[in-house]
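K.L.:
So you can see what is in the structure, the chains are spelled out below.
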Amino acid sequence: MRLLSLRPGRGANLLLPAIPFILLILAYTIGSALRHAGNPDDKLLPGLDALVGAVRRVAFSPDKRTGEYLLWSDTLASLTRLCAGLAIATVTSCVIGLTVGLLPYLRVLLTPFIAVLSMIPPLAILPILFIMFGLGEASKIVLIVIGIAPFMTRDLALRVSELPAEQLIKAQTLGATTWQILARVVAPQMMPRLIDSVRLSLGAAWLYLIAAEAIASESGLGFRIFLMRRYLAMDVILPYVAWITFLAFLFDLILRRLQSGLYPWFAGARAK
Amino acid sequence: MTTISLQNVWKEYEGKVVLEKISLEIAPQSFVALVGPSGCGKTTFLRMLLSEETPTRGRILIDGAPLAPEPTVDRGVVFQRYSVFPHLTVTENVLLGKEFAQSKFLGMLYGKARRKAIEEADALLAEVGLTGAASKYPAQLSGGMQQRLALAQALITRPKILLLDEPFGALDPGIKADIHVLMLRLWKETKMTVVMVTHDLSEAFRLGTRVLVFERKENSALEPDRFGATITRDIDVWPPKHAAWATPAGKKTPAR
Chain G
1 MRLLSLRPGR GANLLLPAIP FILLILAYTI GSALRHAGNP DDKLLPGLDA
51 LVGAVRRVAF SPDKRTGEYL LWSDTLASLT RLCAGLAIAT VTSCVIGLTV
101 GLLPYLRVLL TPFIAVLSMI PPLAILPILF IMFGLGEASK IVLIVIGIAP
151 FMTRDLALRV SELPAEQLIK AQTLGATTWQ ILARVVAPQM MPRLIDSVRL
201 SLGAAWLYLI AAEAIASESG LGFRIFLMRR YLAMDVILPY VAWITFLAFL
251 FDLILRRLQS GLYPWFAGAR AK
Chain A
273 MTTISLQNVW KEYEGKVVLE KISLEIAPQS FVALVGPSGC GKTTFLRMLL
323 SEETPTRGRI LIDGAPLAPE PTVDRGVVFQ RYSVFPHLTV TENVLLGKEF
373 AQSKFLGMLY GKARRKAIEE ADALLAEVGL TGAASKYPAQ LSGGMQQRLA
423 LAQALITRPK ILLLDEPFGA LDPGIKADIH VLMLRLWKET KMTVVMVTHD
473 LSEAFRLGTR VLVFERKENS ALEPDRFGAT ITRDIDVWPP KHAAWATPAG
523 KKTPAR
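Quick note, the sequences are listed as chains G and A, same order. The letter at position 260 of the first sequence is residue 260 when you use our numbering, and the numbering goes up by one with no holes. Count along the second sequence from 1, add 272, and you get the number used in our numbering.
What the hints contain is simulated information worked out from the structure, not anything from laboratory work. Beta carbons are placed, not taken as given, at the ideal position from N, Cα and C, and that holds for glycine. Do not rely on the hints blindly, as some may be mistaken.
[Said to hold, decoys possible] If you want a taste of the chain A side facing chain G, the calculated C-beta under 7 Å gives, among others:
1) Glu324
2) Val349
3) Ser355
With the rest of the complex left out, here is chain G:
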């Protein structure tokens, strides 16, 4: 039989996805054990007990200096920034993307401009943001918005223009005005696609968040990781990375659930 004809059975379907994770953990444990055999004070690959100890310290006991539970206050700070950035970017790209996709005049006016805008490397203008908005929350949120909004706008405008022309003609023959077409035909069909767009932008949003926090911040997950780097505190950095990964995964899962829950027609329509 050809390799492409071989399909995993039910058991294999459950077992196979776990294998890479198990291998990674195994490789880490072996590596950690080997390094500790050579040097009991090794900080590069802390053992399981060191990791658990660090998690207990940052997550479940108050910081000696501030009295805060570091992991949670960092998470709160980061998520506030991330969500604010995502929300502003989503609303902006929704308004601009829908109208640019639907109205030929706006399309001609703005498409090249947005295309150029989306080519600006956001991190390159981070200093400008710091100068303009100061080192507080605003500059970090703006960085996220600038980082993902142009992509989301272009994506949405593209999806709108991909709607079959027949649908827009049909709506007009039913007597719809431009506004009614936007509100009843285009926008509702774009919402699940907008969720896809947010999902794809999540990685970039985290990237810009952590970059901004690393450079100028006093709290946040990115700030903590870069602070701990100075002490080579891998036992804190690794749990933080795992936690960020988990949060990103959770966001993605929530958005996916939201999509299938709110827009039950979408799976069928997309399959066509």
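Given chain G, work out where chain A should sit, using these hints.
P.N.:
Relative to chain G, chain A alone:
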């Protein structure tokens, strides 16, 4: 009572002549079927009637008035695909025409107005045989059911003219026969003028009162873009379906 009149209509795309010298009078309540080989401009012709395209030369008049420059509510349409909205249920799809007309800002009806509109939509759905499917989404319907839905959706605004672009082209023969019966019944009840593009000759003769054949009369190997298609044959279908039921205005249509 709607007449469509075309006066020496030409359509060219970037120097390529697609349609030429089309002059035509379409009588009220006709069912005109357009046939012809692929790429002979049948669909372009229909798009001009829909105002999706504008003629390069000539005029199109409806009841003596020039055609509006964009699609309007007096001309309904059913395409072969994408005629219905995938994000709305069957009932919502039919309701849409009512909502656009009655709710200018939101395009949504609530409460009493909505219940009244739903009643009307349900009656229309019963007419096209979709009663059981009211709360389904189009993706859950078969091709034939989707086209029935598209018909109901187009008819709720009571268009004077119904334009059909190969509406039954993708359906199985048995389903096609059923929907033909439905189409004839709807046409007789609503007394619309129907213009249908099809590449199925038997369908053209079964449904149409008049069959128009589009063809390129002349072709030049050296200048293939020089000549467009035109109406080469204009056949009145016998026996006339029209006379069997067309009655003086005011009188009831006799039962079939």
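K.L.:
All hints are to be evaluated individually against the structure, with a verdict given for each.
P.N.:
Structure-based check of all given hints:
no., hint, verdict
1, Glu324, "6 Å, holds"
2, Val349, "5 Å, holds"
3, Ser355, "6 Å, holds"
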